[in-house]
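Q: What follows is each chain in one-letter form.
Protein chains: 4
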Amino acid sequence: MNPITIPADKPIDFAAIGRLCIDLNANEINRPMEETMTFTKYVGGSPANITIGMARLGMKTAFVGKIADDQMGRFIANYLHKNGIDTAGVVTDRTGAVTGLAFTEIKSPTDCSILMYRDNAADLKLTAEEVREDIIAGAKVFLISGTALAQSPSREAVFQALQYARKHGAIIAFDLDYRPYTWISPEETAIYYNLAAEWCDIILGTREEFDMMERFEQNPERSDRITAAKWFNHSAKIVIIKHGKEGSIAYTPDGASHRAESYPAKVVKTFGAGDSYAAGFLYGIMQGWDIESSMAFGSAAACIVISSHSCSDAMPTVPQVEDYIRRCERGEITAT
Amino acid sequence: MNPITIPADKPIDFAAIGRLCIDLNANEINRPMEETMTFTKYVGGSPANITIGMARLGMKTAFVGKIADDQMGRFIANYLHKNGIDTAGVVTDRTGAVTGLAFTEIKSPTDCSILMYRDNAADLKLTAEEVREDIIAGAKVFLISGTALAQSPSREAVFQALQYARKHGAIIAFDLDYRPYTWISPEETAIYYNLAAEWCDIILGTREEFDMMERFEQNPERSDRITAAKWFNHSAKIVIIKHGKEGSIAYTPDGASHRAESYPAKVVKTFGAGDSYAAGFLYGIMQGWDIESSMAFGSAAACIVISSHSCSDAMPTVPQVEDYIRRCERGEITAT
Amino acid sequence: MNPITIPADKPIDFAAIGRLCIDLNANEINRPMEETMTFTKYVGGSPANITIGMARLGMKTAFVGKIADDQMGRFIANYLHKNGIDTAGVVTDRTGAVTGLAFTEIKSPTDCSILMYRDNAADLKLTAEEVREDIIAGAKVFLISGTALAQSPSREAVFQALQYARKHGAIIAFDLDYRPYTWISPEETAIYYNLAAEWCDIILGTREEFDMMERFEQNPERSDRITAAKWFNHSAKIVIIKHGKEGSIAYTPDGASHRAESYPAKVVKTFGAGDSYAAGFLYGIMQGWDIESSMAFGSAAACIVISSHSCSDAMPTVPQVEDYIRRCERGEITAT
Amino acid sequence: MNPITIPADKPIDFAAIGRLCIDLNANEINRPMEETMTFTKYVGGSPANITIGMARLGMKTAFVGKIADDQMGRFIANYLHKNGIDTAGVVTDRTGAVTGLAFTEIKSPTDCSILMYRDNAADLKLTAEEVREDIIAGAKVFLISGTALAQSPSREAVFQALQYARKHGAIIAFDLDYRPYTWISPEETAIYYNLAAEWCDIILGTREEFDMMERFEQNPERSDRITAAKWFNHSAKIVIIKHGKEGSIAYTPDGASHRAESYPAKVVKTFGAGDSYAAGFLYGIMQGWDIESSMAFGSAAACIVISSHSCSDAMPTVPQVEDYIRRCERGEITAT
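Residue numbers (my numbering), protein chains in the order written: chain A, 28 to 363; chain B, 28 to 363; chain C, 28 to 363; chain D, 28 to 363.
One or more hints might be untrue.
A pair counts as met if it fits within one copy or between any two copies, since identical chains are not told apart.
The calculated DSSO-like cross-link candidates involving lysine-lysine, where the alpha carbons are at most 27 Å apart (straight line), are [stated by the list, open to error]:
{"#": "1", "residue 1": "K167", "residue 2": "K257"}
{"#": "2", "residue 1": "K272", "residue 2": "K87"}
{"#": "3", "residue 1": "K272", "residue 2": "K167"}
{"#": "4", "residue 1": "K134", "residue 2": "K109"}
{"#": "5", "residue 1": "K293", "residue 2": "K134"}
{"#": "6", "residue 1": "K37", "residue 2": "K257"}
{"#": "7", "residue 1": "K264", "residue 2": "K194"}
{"#": "8", "residue 1": "K194", "residue 2": "K257"}
{"#": "9", "residue 1": "K194", "residue 2": "K167"}
{"#": "10", "residue 1": "K37", "residue 2": "K109"}
{"#": "11", "residue 1": "K264", "residue 2": "K109"}
{"#": "12", "residue 1": "K87", "residue 2": "K264"}
To be clear, the hints were calculated from the coordinates, so they are not data collected in a lab.
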């Protein structure tokens, strides 16, 4: 059992709003990017990755966002379309904005970093008027991502989308996805994250992301329980706090905390772990699985992604996740 | 009786956050500004005027805001101080911002306009970190004004102030005070006004201001009742919708609407009517008067202000308002 | 004799480009602005003042500039027109820019300061395309002022105007008029001032202004002679370096330096001294007077302006200047 | 013979200022970029390419510019260093600027385009104070490139560099390299290009680039001769106007025009043709060759670059150019 009741009778299982960008992944890895000569292009951006993940898991999906009027933007739209994601809500910028980029550097499986290009990014130009109410009205679960709150007018588009989601009874999930470089200050970030989180049913983030949100508050011991309790006073039904290698804890309004088993992986890089986890977890919740099972499914999906070169392109299908779990259970997969 | 219970045991009756500026009122009136040669300087800005009004009515008051580091800024701070307003929450800008200006043009008592200087205005530079929680914690009634939502970082300062006011149980009043020139679009305005209004106990605005807030909604007949009902689903206890000469209507969650008698005035100009009305009305509510009596007191205060040359400087004391009402009742004052 | 040959057969004696703003002069003087309650409105801006000065001296004048689409902008246009200045080259901004303001503070005749409003000022929005070649082609003397170089697109408008002036053989005068607040850095300022000064026949500035221009150079003793010599390698025929109370020195390419007698004045404030000096001096040069006589005429014009409350409005006629000189000579005027 | 006398007794043959960026060249070519999956990273930017070209031709070279404080910036500095270019004048940005990018799309040898990332580019953050006078003082030939004029503070850095070059007697070359996307308007561009070109000895550009510079002028027939003549009134000794496939024409102050033979090439893409031409031509001029021979050498260098995948990395050595010319003369190379 889980505390979320998914609305029935809606045509779209899952819709998301926010960042659509290009990952340029180093082909020559385990070295500094200075020594990388070639890069491979993938669709990226946390909400894009999660939506692709949901589509791979068989969900009916849609996206609300904005792309640049260039080759990169058209590549993104094509890729979403090919993955069966409804792109009616994806508008094209006409102001000369560019596609956000993320060059990945993989010095070692545990030492990864990203070089971001976020100036004048098209996804941050989405306006409130461009948000299609009908798409959000038709979605059972609607996901927002923190990066889309970083700048106007995308920030206002997210708040308007939240109004629609609340009005039409969607389950709202918030993937915190805090990226400091597009924000003016942690204080600014905390204020908008807190405003948005009040309306959300499911909140997923790292301990550090929740710390940022508590910048104006008192939680000196950084207690997960205090963090979660705050949101149960608003709309939250599940709060997941991720602690990296130590695993994640899910809290529920009944006071319970939930942990799932984790799986071994032959790690290539850490990028995409959170996105595939979110997709797997939300898939489980939407199937009516209990929280622990949903978390385990998310963990296995994450293991698959971090074992491969890309993020979006590596998002697994249900049989792939099930197979991975079985192979782990049989001891066929061991950690790097 | 009125639906507001004022918290007891707090040292400050009334605090406000937002715009502090300079009014430059034409001395030669009833002509276009092109033909005006001299101007007189007053403190201005809607929340400043209301706070000055509350101070004149004998309330213990405080202000949270930001002034320029120049002669105009120091004049404002001195004037607030001389009126008994606690300015511990008024910080001084250090970035070279200027004091916002409002040149008034009075072509006739009914044809007034304002020439605004709002670029690089110090009041819009107030940051969330600069908002003093202790001042808001100590206030029985806390007022926000829409202009302070127009730009970052003042926008975030207001949301953080609202967090503090909610946390400490202040009665929150929202004077909509919509001034298009500092906003990017009506859509942007609607989004932040709606976010802020959810947390407010008392909302005061014109029909046109509420129309702006309903930009993404369905209220084609511009029904005051539908407008008010929306906010009773959130925190509101009183919603006042102003219809200019046709007077104001106050709505309450019990479904009732309230109108007050109006008073005649020898009108010099219309500026300041809303601010003095708000001060008088909130004063009445804080005395535990019923809504109609509070509205009448506000109306009389407004009449005094529009009969004189300034706004802030003309804010009346309680005996002045009482005297005005008595003179009206005796027929000693007739309209222009 | 003077080294400037004024072109004949041109319909306009004097045209200028640049700042058009409003001075708001304190009516209650000899006190800090905090204690000033009323202000009187005048047209201001150095090139505007000089052009008004030239018009009062009987010259045929024109102005190239930009005004805000508001009451202040219309007041400026009307005032220029009433003073006989051709305003065909004065365009109206349509972007919502405002009229630059200068509030004057007169603490004492020798302690004067200005509070400037230059954000989003209309005069700095003049574009190169809006500069009327025909007006500059028709002018005998064309004056630029440093403040117009402070920001784009006004900066480019000045360079384009200089191209036209050079092409059509106007005598080009440069009033340095350096106001730090509209510039990013002294280095940026130095670069554009030096670019512009190469093309100018007459350069007028204070020692401090020339110091700023020499930021990347070697003139450690701040020698006026070295300063002037640099410009004689380019187009300059007269370089005037002003040393405040110690008077001004004019240099010419023949190696000579020129000083004029100064006159006493009952000083109200120091504002406007430079503008009236420039008008008087250029008037003399245009009459074919020698440099000393032109400087003396400029000094007397300056004395008249600093003895009165306004700048633009106090610009004298030829009989007024002549009368002032005669009264000084008769000992009827003594210093404050 | 050629009209340029190269200064002797200077330690650096060739220095340039301006753009340093990264080219990301499509590996899968002859298709739209949407279908390109991998990219190879090279150093790019017109002045960088020309300097690399000069270094390959055996010249002692130096660069004045700014790189981002990231992996891309360090890659650029390393690459210049490995090519023997003195990077003492290359400073590192500390404001969070990024490295400019150029994704190349090669649909066919004659249908090539570039997707540029120029927002917040480090090279445009170079300030006038950061320009090392000693490096420019030590250079025989100093090259500026138009893109560096596109924005402040790089624009001012170029003008200051020109001051130094003029002061120390360097031969100044101007590669127009007009890229509209970083400029506000063609009018703005024309003004700064014209200001800079007045001080240059050698000006190289396409007919379209010279058209842009003549935006405020009269050259309705787009006459190359009129274009060139204008600059001979200033500092120019050679003006080269490029007409794409129809070849280039060089003009000299004596009224002569010069054309060189062209060579066939197996074209992969057109990028880099201008940069390698400029390097080859300037190399010839510096050897004291006549203009036609220098042009021919430049053409052959260009053929080598357009026959290969990269720009900077394909810049040829002297033996490679000589070998290419011989093979053309023997008929061993024919056009695509």
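Q: Hint by hint, work out which the structure violates, then give me just those numbers in ascending order.
A: Violated: hints 2, 3, 11.
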